[in-house]
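Student: Chains as they are written, first to last, in this note's numbering: chain F, 15 to 346; chain Y, 8 to 369.
Quick caveat, the hints were computed from the structure, so don't treat them as lab data. Check before you lean on any hint, since a few could be wrong.
In silico BS3-like pairs for lysine-lysine, Cα to Cα no more than 25 Å straight-line [claimed, not checked]:
| no. | chain 1 | residue 1 | chain 2 | residue 2 |
| --- | --- | --- | --- | --- |
| 1 | Y | Lys155 | F | Lys324 |
| 2 | Y | Lys242 | F | Lys324 |
| 3 | Y | Lys326 | F | Lys128 |
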Amino acid sequence: MKTYLGIDVGSVSTNIIALNEASEVLSSKYIRTNGQPMECIKNAMKEIARDLQNLEVAGVGTTGSGRQLAGIITGADIIKNEITAHATAAIHFYPDTRTIFEIGGQDSKIILIKNGMIVDFAMNTVCAAGTGSFLDHQAERLKVPIEQFGELALTSTKDTRIAGRCTVFAESDMIAKQQFGFSKGDIIKGLCEALVRNYINNLGRGKTLTPPYLFQGGVAANVGIIAAFKKELRHEIIIPRYYNVMGAIGAALLAKDYLEKNGYQTRFSGFEITDVNFVPKTFDCNGCPNACEVIEVTREDTVIARWGDKCGKWTNEISYSPPGYLTEAACS
Amino acid sequence: MKLTFPYMGSTIIYQKLLQLLDHEVIMPPRPTQRTINLGVKYSPEFACFPYKVLLGSYIESLELGADTIITSGGHGPCRAGLYSEIHLKTLRNLGYHVDMIVFDDIYHYPKLFLERLRMIKNHKSFLQLIRAIYTSYQLAHAIDSLQKFMEIKQAYELEQGAFAKAFEIMRQKFAKAANTVKDVQCLQREGEMLFSSIPVHEPPESQKVRIGIVGEIYVVIESSINTGIAALLNKLGCEVTRSLYVSEWVDHALPRFIKKSDTAIIKNSKKYMEMGIGGHEIHNIGHMIHYKEQGFDGIVHLMPFACLPELITQSLIPKISIDLDMPILTLAIDEQSGAANTLTRLEAFVDLVRNHKLQKAG
Chain F
15 MKTYLGIDVG
25 SVSTNIIALN
35 EASEVLSSKY
45 IRTNGQPMEC
55 IKNAMKEIAR
65 DLQNLEVAGV
75 GTTGSGRQLA
85 GIITGADIIK
95 NEITAHATAA
105 IHFYPDTRTI
115 FEIGGQDSKI
125 ILIKNGMIVD
135 FAMNTVCAAG
145 TGSFLDHQAE
155 RLKVPIEQFG
165 ELALTSTKDT
175 RIAGRCTVFA
185 ESDMIAKQQF
195 GFSKGDIIKG
205 LCEALVRNYI
215 NNLGRGKTLT
225 PPYLFQGGVA
235 ANVGIIAAFK
245 KELRHEIIIP
255 RYYNVMGAIG
265 AALLAKDYLE
275 KNGYQTRFSG
285 FEITDVNFVP
295 KTFDCNGCPN
305 ACEVIEVTRE
315 DTVIARWGDK
325 CGKWTNEISY
335 SPPGYLTEAA
345 CS
Chain Y
8 MKLTFPYMGS
18 TIIYQKLLQL
28 LDHEVIMPPR
38 PTQRTINLGV
48 KYSPEFACFP
58 YKVLLGSYIE
68 SLELGADTII
78 TSGGHGPCRA
88 GLYSEIHLKT
98 LRNLGYHVDM
108 IVFDDIYHYP
118 KLFLERLRMI
128 KNHKSFLQLI
138 RAIYTSYQLA
148 HAIDSLQKFM
158 EIKQAYELEQ
168 GAFAKAFEIM
178 RQKFAKAANT
188 VKDVQCLQRE
198 GEMLFSSIPV
208 HEPPESQKVR
218 IGIVGEIYVV
228 IESSINTGIA
238 ALLNKLGCEV
248 TRSLYVSEWV
258 DHALPRFIKK
268 SDTAIIKNSK
278 KYMEMGIGGH
288 EIHNIGHMIH
298 YKEQGFDGIV
308 HLMPFACLPE
318 LITQSLIPKI
328 SIDLDMPILT
338 LAIDEQSGAA
348 NTLTRLEAFV
358 DLVRNHKLQK
368 AG
């Protein structure tokens with residue numbers, strides 16, 4: 015069976031999905047990265063291979079902050095930024111969508127769509143107060159498992175205003191509210207609303223947000239945040255079925271599209287790579303005072319990729335450059 | 008007197024001018040992370056990023072033995088005009104014995120300007136001074152013309168890094184041998200020939216993507232601090248044209264009877280901004296409109312984080328973008344900005360621009 019794999023390596027989770035030729039999702043894995051992207055990718059690939067019998071991989075796409083690493087070890091056909099990947103998946107499932115809210119672990123985005131094309135986007139710039147990590151951190155502080163965080167928010171009937179501009183302020187405001195005797199539910203509801211307010215003010219500034227709204231990314235699992243969005247926008251929002259792996263789906267769709275359009279064969283390295291020893295390491299180049307942190311990936315003692323140097327001294331030594339990334343225009 | 012100057016663009020232009028006047032010149036090293044760290048350490052936190060980089064750069068030049076800094080001043084609400092005063096104070100507080108020769112606006116302080124010229128003229132005659140200025144002026148134009156050529160064709164180079172290598176070769180030749188206007192012209196032709204010989208693969212016209220870069224002068228011109236944005240866009244397959252090059256900045260500062268007029272471009276901006284507010288905002292807006300007229304596909308707007316004039320431009324961009332039907336991306340640059348984040352945005356922006364172009368084509 016012909017399958018397309020999509021891999022999204024983010025800061026908090028690593029997601030892998032498999033699509034069939036009709037672009038339907040056959041299998042999806044959502045795994046916490048825990049700072050070990052390499053292991054995560056391998057484990058998730060093994061699981062996919064176990065789930066799906068007689069799998070014939072026809073293409074691979076990677077995205078997320080670890081897209082380059084994932085692309086190199088899997089031999090990806092396309093390595094795409096997460097903005098394009100998320101939008102591609104959203105448009106695939108909801109061709110009429112106009113606004114995509116994506117909140118992940120370390121970053122958040124607003125993507126505006128018109129006629130099935132991205133027309134504008136914004137990504138958080140200055141702080142983490144609008145991301146999943148912020149919620150994780152606060153949940154830990156309140157000793158509430160993150161999975162129950164949202165439901166607890168729904169139990170509150172009061173309006174509690176928490177300063178959400180910055181995590182530090184939010185935290186001290188939260189402590190003050192705790193001391194004033196607000197319940198956990200009230201505080202969590204306040205936090206959810208603060209996050210959404212901050213997110214829309216920061217990223218939506220100067221943009222017209224038009225429905226239908228789509229909300230995806232790991233944080234879309236949080237019903238408290240969903241409620242806060244509805245309240246802030248005074249409108250329904252759609253949570254796609256595969257909300258937490260949309261980036262990976264987008265990457266797979268892009269790979270499929272790219273290969274079909276150009277008539278290329280996949281460069282997929284095969285499932286054997288799950289048994290190959292890849293070692294990423296970093297070293298500081300001391301060729302100049304820039305002291306770039308160069309990242310190097312070795313496969314069985316051979317250096318297969320390097321990046322991170324400003325001048326290209328290390329990168330240029332290696333001829334590997336994946337197609338679709340920095341070398342070819344993938345969308346044309 | 009060991010002279011040095013701010014690091015901005017191709018520094019050999021300023022080096023040449025001072026050498027032609029028989030000065031001993033200390034070349035400021037190209038800004039690196041160390042430069043930025045030094046600048047950040049000794050600057051107020053909310054000073055603009057260019058201020059910090061320049062301070063770091065001055066410190067590095069002083070470490071190499073410079074004792075006098077030549078720089079430009081300015082007037083108006085933008086803080087850049089006051090950099091020199093604060094830089095000098097800070098450097099002296101740090102214990103450096105340093106002087107500064109500041110060239111302020113020639114229209115506002117013509118006498119002061121001439122006095123400063125006399126200071127750097129050395130033992131040369133005014134005629135020799137004018138010849139030296141003219142030669143370095145031609146040099147600036149020659150280098151910029153090669154750079155413009157490169158930022159367009161580099162998008163299609165077959166061997167990665169070929170243009171960058173050729174440019175470095177030419178830069179060294181210019182530094183060594185461009186002592187008269189004739190040398191400059193000769194080397195420029197040589198550079199053009201060298202560049203034309205680099206193998207490129209140009210896609211059909213309908214698939215070419217042209218990006219214009221506008222923004223605050225320092226972050227637009229100085230590639231070492233703007234994550235080499237022109238080269239990055241080239242790598243993504245886009246032709247790049249910038250609104251500012253060193254030679255144009257010089258043109259802008261020249262007396263009105265000499266310089267080519269850019270009033271036509273500025274006039275375009277009237278619809279959005281009636282007057283200048285101290286930076287290059289009216290030029291930038293004018294250029295955005297100009298790029299549209301020239302059939303560009305997208306615009307990248309660069310600004311140092313919290314740059315006042317460019318913040319105002321940024322607030323006008325949503326409207327300009329709609330009016331022109333042109334995607335515009337603003338990137339704020341400072342010591343906090345991460346390269347990975349910038350790259351993600353740029354990649355997504357280029358995808359957007361390509362799709363926008365395809366859609367318009369039908």
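Student: Name the hints, by number, that the structure is in violation of.
Tutor: none
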